[in-house]
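**Student:** Chain by chain, the residues run as shown.
There are 2 protein chains.
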Amino acid sequence: MSILVVGSVAYDTVETPREKRERQLGGSASFFAIATLGRGDVRCLGVVGDDFRQEDLDLLAGRGADISGIERKPGKSFHWSGRYHDDMIERDTLATELGVFADFQPEVPAAWKDSEYLFLANIHPALQSHVMDEMNGPRLVALDTMNLWIETTPADLAKILALVDVLLVNDSEARQLTGKRSLAHAAKAIQAMGPSRVIVKKGEHGAVYFGRDGVLSVPAIILDDVIDPTGAGDCFAGGFVGSLSEAGATRDSDDAVFRQAMLDGTVTASFCPEGFNVEGLLQIDDAAYAARLATLRGMMVP
Amino acid sequence: MSILVVGSVAYDTVETPREKRERQLGGSASFFAIATLGRGDVRCLGVVGDDFRQEDLDLLAGRGADISGIERKPGKSFHWSGRYHDDMIERDTLATELGVFADFQPEVPAAWKDSEYLFLANIHPALQSHVMDEMNGPRLVALDTMNLWIETTPADLAKILALVDVLLVNDSEARQLTGKRSLAHAAKAIQAMGPSRVIVKKGEHGAVYFGRDGVLSVPAIILDDVIDPTGAGDCFAGGFVGSLSEAGATRDSDDAVFRQAMLDGTVTASFCPEGFNVEGLLQIDDAAYAARLATLRGMMVP
Numbered sequence: 001m002s003i004l005v006v007g008s009v010a011y012d013t014v015e016t017p018r019e020k021r022e023r024q025l026g027g028s029a030s031f032f033a034i035a036t037l038g039r040g041d042v043r044c045l046g047v048v049g050d051d052f053r054q055e056d057l058d059l060l061a062g063r064g065a066d067i068s069g070i071e072r073k074p075g076k077s078f079h080w081s082g083r084y085h086d087d088m089i090e091r092d093t094l095a096t097e098l099g100v101f102a103d104f105q106p107e108v109p110a111a112w113k114d115s116e117y118l119f120l121a122n123i124h125p126a127l128q129s130h131v132m133d134e135m136n137g138p139r140l141v142a143l144d145t146m147n148l149w150i151e152t153t154p155a156d157l158a159k160i161l162a163l164v165d166v167l168l169v170n171d172s173e174a175r176q177l178t179g180k181r182s183l184a185h186a187a188k189a190i191q192a193m194g195p196s197r198v199i200v201k202k203g204e205h206g207a208v209y210f211g212r213d214g215v216l217s218v219p220a221i222i223l224d225d226v227i228d229p230t231g232a233g234d235c236f237a238g239g240f241v242g243s244l245s246e247a248g249a250t251r252d253s254d255d256a257v258f259r260q261a262m263l264d265g266t267v268t269a270s271f272c273p274e275g276f277n278v279e280g281l282l283q284i285d286d287a288a289y290a291a292r293l294a295t296l297r298g299m300m301v302p
Numbered sequence: 001m002s003i004l005v006v007g008s009v010a011y012d013t014v015e016t017p018r019e020k021r022e023r024q025l026g027g028s029a030s031f032f033a034i035a036t037l038g039r040g041d042v043r044c045l046g047v048v049g050d051d052f053r054q055e056d057l058d059l060l061a062g063r064g065a066d067i068s069g070i071e072r073k074p075g076k077s078f079h080w081s082g083r084y085h086d087d088m089i090e091r092d093t094l095a096t097e098l099g100v101f102a103d104f105q106p107e108v109p110a111a112w113k114d115s116e117y118l119f120l121a122n123i124h125p126a127l128q129s130h131v132m133d134e135m136n137g138p139r140l141v142a143l144d145t146m147n148l149w150i151e152t153t154p155a156d157l158a159k160i161l162a163l164v165d166v167l168l169v170n171d172s173e174a175r176q177l178t179g180k181r182s183l184a185h186a187a188k189a190i191q192a193m194g195p196s197r198v199i200v201k202k203g204e205h206g207a208v209y210f211g212r213d214g215v216l217s218v219p220a221i222i223l224d225d226v227i228d229p230t231g232a233g234d235c236f237a238g239g240f241v242g243s244l245s246e247a248g249a250t251r252d253s254d255d256a257v258f259r260q261a262m263l264d265g266t267v268t269a270s271f272c273p274e275g276f277n278v279e280g281l282l283q284i285d286d287a288a289y290a291a292r293l294a295t296l297r298g299m300m301v302p
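Chains A and B are the protein sequences, given in the same order. Going by this note's numbering, 79 is the number at position 79 of the first sequence; the sequence numbering is gapless. Going by this note's numbering, 157 is the number at position 157 of the second sequence; the sequence numbering is gapless.
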C-alpha cells in the first residue's frame with residue numbers, strides 16, 4: 001500500500017567520541033523512507049537545497065522511495081550538527097541550519113492525496129495540519145513531534161493531534177505534553193487529545209505501546225556496539241508504519257497488528273545505531289532481519 | 001526451603017516532594033525478607049541498636065521471617081536519610097549513619113549453615129565472603145553490591161563474585177564494574193568473573209536477565225503513582241529468590257525457572273513504590289499479586 005511521509009531530507013554532521021562524519025544523508029523523511037524496507041510504496045514530501053547531492057536522492061530512490069515530491073530550491077539544505085557524549089545517548093546540538101527548510105510549504109501532489117498511510121514526521125504542527133488537510137482520508141495517520149513544538153506551538157499541536165491515530169513520542173515528551181509523571185496517566189491524557197494509540201519511545205530501554213485494549217512493552221535489542229544512534233526514532237516509525245501497511249491495517253484494526261508493528265519497528269530501529277547515519281539501515285537483509293526478530297521474541301518470552 | 005539473607009536492618013528517613021517520613025523500617029534484609037512472601041523459610045542475619053522498636057522486629061517475624069539472627073547491640077541502628085527529586089527517581093542522600101552496623105560481624109548460627117539459598121545483600125564484600133565461608137554449600141547464592149564497593153574494595157568484591165551464582169546490579173553498576181558500555185558486553189564480562197547469571201536492574205525501565213542460554217527483558221509494571229521507591233531493588237531480589245526457592249531451583253537449573261523468577265521479582269517489586277518504606281509491600285495479597293502478574297504477562301506478549 002502507499003505511505004506518504006512528510007519531513008526533513010537533510011544533512012547531518014555527527015561527532016562521536018571515536019569519529020566525525022560531515023554532511024551525511026539524514027533527516028526524518030530519509031530515515032523513515034529507507035526503514036519501510038519496501039513494505040509499502042513510500043512517497044517522500046520534502047525540500048532540499050541546491051547543495052544536495054544527487055547520489056543521496058538516488059540512494060533513496062534505489063531503496064524504493066518515490067522522491068518526486070522532494071523539491072529542490074536555491075539555497076542550502078537543512079543541516080543538523082551534533083556531538084554525542086561518551087554514553088552515546090546524551091548529545092549536544094552544535095548547529096541547526098534550516099536553510100531552504102525554513103520556508104518549506106509542503107504541497108501534496110494530486111496523485112498522492114489518496115495515499116493510504118500518512119506519517120507526519122517532526123515538523124511544525126501547522127505544516128502537519130496543512131498536509132493532513134490535503135489528504136483524502138488515509139487509512140491511518142501517525143505523527144511524531146518534539147519538545148520545541150510542545151513548548152512553542154501548543155495550540156497548533158493540539159489541533160493536529162485531534163486528527164491523528166498514533167502518536168510517537170519519547171518519555172520526556174509524553175510527560176511534558178501532559179504534565180503527568182506516570183506514563184500510564186500520560187498515555188491516557190494523550191488518548192483523550194485524539195490519538196487512540198500512543199507509542200512512548202525510550203531509546204535503549206525500548207518502547208511502550210498504549211493501545212485500545214492494553215499495553216505492550218518491547219525491549220530494545222541489546223547492541224554490541226553503538227556507532228551513531230541519530231535517526232533511530234524515525235527508523236522505528238518507518239518499520240512500524242511499514243508493518244501496518246504490509247498488514248493492511250486501519251485505525252480500527254485490533255491491537256494485535258499494532259503489537260506486531262511494534263516488533264517490526266524495534267527490529268528495524270536496532271540496525272540504525274550500528275552505522276553512521278543511514279549506513280546501519282542499509283545493512284538490513286532478510287536473514288539479518290529474521291535473526292533479530294527471533295532474538296527480540298526470545299527476549300520477551302518468559 | 002530455607003533462605004538466609006544477610007544485610008541491613010535499618011531505619012530510613014525519606015522525604016519526597018509530598019511528604020516526609022522519619023525513621024521507618026528499612027534496610028536491605030528487611031525489604032528482602034518481607035518480599036519473599038512466605039515462599040521460603042527466610043532467616044535474617046543482621047544487627048540493630050537499642051533504639052530499634054520491638055514492633056518493627058515483630059512485623060518481620062509476623063511476615064514469617066526468623067529474626068533470631070538479628071542481634072541487638074548498644075548504640076544506634078543504621079539510619080539512612082534521603083530526599084527524592086520531583087521525578088521520584090533521582091535522590092540525594094542526606095545522611096548515612098552506620099551506628100552499630102559499623103562493627104557488624106555476621107556470624108551464621110550453626111542451625112542456619114545448611115540454608116539452601118543465600119542472599120548476600122549490599123554490604124562490604126569482605127563480610128559477604130565471611131558469611132559465604134560459613135555456609136555448607138547452599139543450592140544457590142545471589143549477591144547485590146553497589147558503586148561504593150566497586151570503587152573502594154574491588155579485590156574483595158572479585159573474591160566473592162567468583163563464588164556467586166547470580167549477581168543483581170543496576171545498569172550503571174554493571175558498566176562501572178566491567179568498564180563496558182554495552183550491557184551485552186558487560187554481562188559477558190561479569191559472567192567471566194563468576195556469576196553464570198546476571199540481572200541488570202533498570203528501575204522504571206524494568207530488568208534484564210542474562211542467563212546461560214539467552215536474555216530476557218522484563219518491563220517494569222507501569223504504576224499510577226509512585227510514593228516511595230526506596231527498597232524496590234531488594235524487593236525484586238526477595239521476589240526473585242523466593243520464587244527460586246519455591247521452585248526448588250539450583251544453580252544448574254534451566255533458564256526457564258529463572259525467567260519465571262524474573263516475573264516474580266518484577267511483580268513483587270512493583271508494590272514497593274506504592275507506599276512508604278515497606279507499606280506498599282504489606283498490601284500484597286494473592287488476588288493483587290495474580291492480577292499484576294497477568295498485567296505483566298500481557299505487557300510482554302506481542
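By construction, these hints were calculated from the structure, which means they are not laboratory data. Careful, some of the hints might be misleading.
To be verified - Using 16 Å as the maximum straight-line C-alpha spacing, the simulated EDC-like pairs for lysine to aspartate or glutamate come out as follows:
#1 B:Lys180 / A:Asp225
#2 A:Lys180 / B:Asp224
#3 B:Lys180 / A:Asp87
#4 B:Lys180 / A:Asp224
#5 A:Lys159 / B:Glu97
#6 B:Lys76 / B:Glu90
#7 A:Lys113 / A:Glu134
#8 B:Lys188 / A:Asp225
#9 A:Lys188 / B:Asp225
#10 B:Lys188 / B:Asp171
#11 A:Lys180 / B:Glu97
#12 A:Lys180 / B:Asp171
#13 A:Lys188 / B:Asp171
#14 B:Lys188 / A:Asp224
#15 B:Lys180 / A:Glu134
**Student:** Is the Cα-Cα distance between B:Lys180 and A:Glu134 16 Å or less?
**Tutor:** 50 Å, violated
**Student:** Take a quick look at whether A:Lys180 and B:Asp224 sit within 16 Å of each other, Cα to Cα.
**Tutor:** Distance of about 10 Å is within 16 Å: holds.
**Student:** Need the status of pair A:Lys180, B:Asp171: alpha-carbon distance at most 16 Å?
**Tutor:** Since the Cα atoms of A:Lys180 and B:Asp171 sit roughly 26 Å apart, the hinted pair is violated (cutoff 16 Å).
**Student:** Hint check: B:Lys180 vs A:Asp87, CA-CA at most 16 Å. Holds or violated?
**Tutor:** At roughly 10 Å apart (the allowed maximum being 16 Å), A:Asp87 and B:Lys180 satisfy the hint.
**Student:** Is B:Lys188 close enough to A:Asp225, meaning Cα to Cα at most 16 Å?
**Tutor:** Distance of about 14 Å is within 16 Å: holds.
**Student:** Assess, step by step, whether the Cα of A:Lys159 is no farther than 16 Å from the Cα of B:Glu97, and give holds or violated.
**Tutor:** 55 Å, violated
**Student:** Are the Cα positions of B:Lys180 and A:Asp225 separated by 16 Å at most?
**Tutor:** 10 Å, holds
**Student:** Check whether the Cα positions of B:Lys188 and A:Asp224 lie no farther apart than 16 Å.
**Tutor:** 11 Å, holds
**Student:** Going straight from one Cα to the other, do A:Lys188 and B:Asp225 come out at no more than 16 Å?
**Tutor:** 14 Å, holds
**Student:** Does the structure keep A:Lys180 and B:Glu97 at a Cα separation of 16 Å or less?
**Tutor:** 35 Å, violated
**Student:** Given the hint that B:Lys76 pairs with B:Glu90, test it: the Cα-Cα distance must not exceed 16 Å.
**Tutor:** 27 Å, violated
**Student:** Going straight from one Cα to the other, do A:Lys113 and A:Glu134 come out at no more than 16 Å?
**Tutor:** Holds: A:Lys113 and A:Glu134 sit about 7 Å apart, inside 16 Å.
Hints 5, 6, 11, 12, 13, 15 from the list above are not met by this structure, while the remaining hints are.
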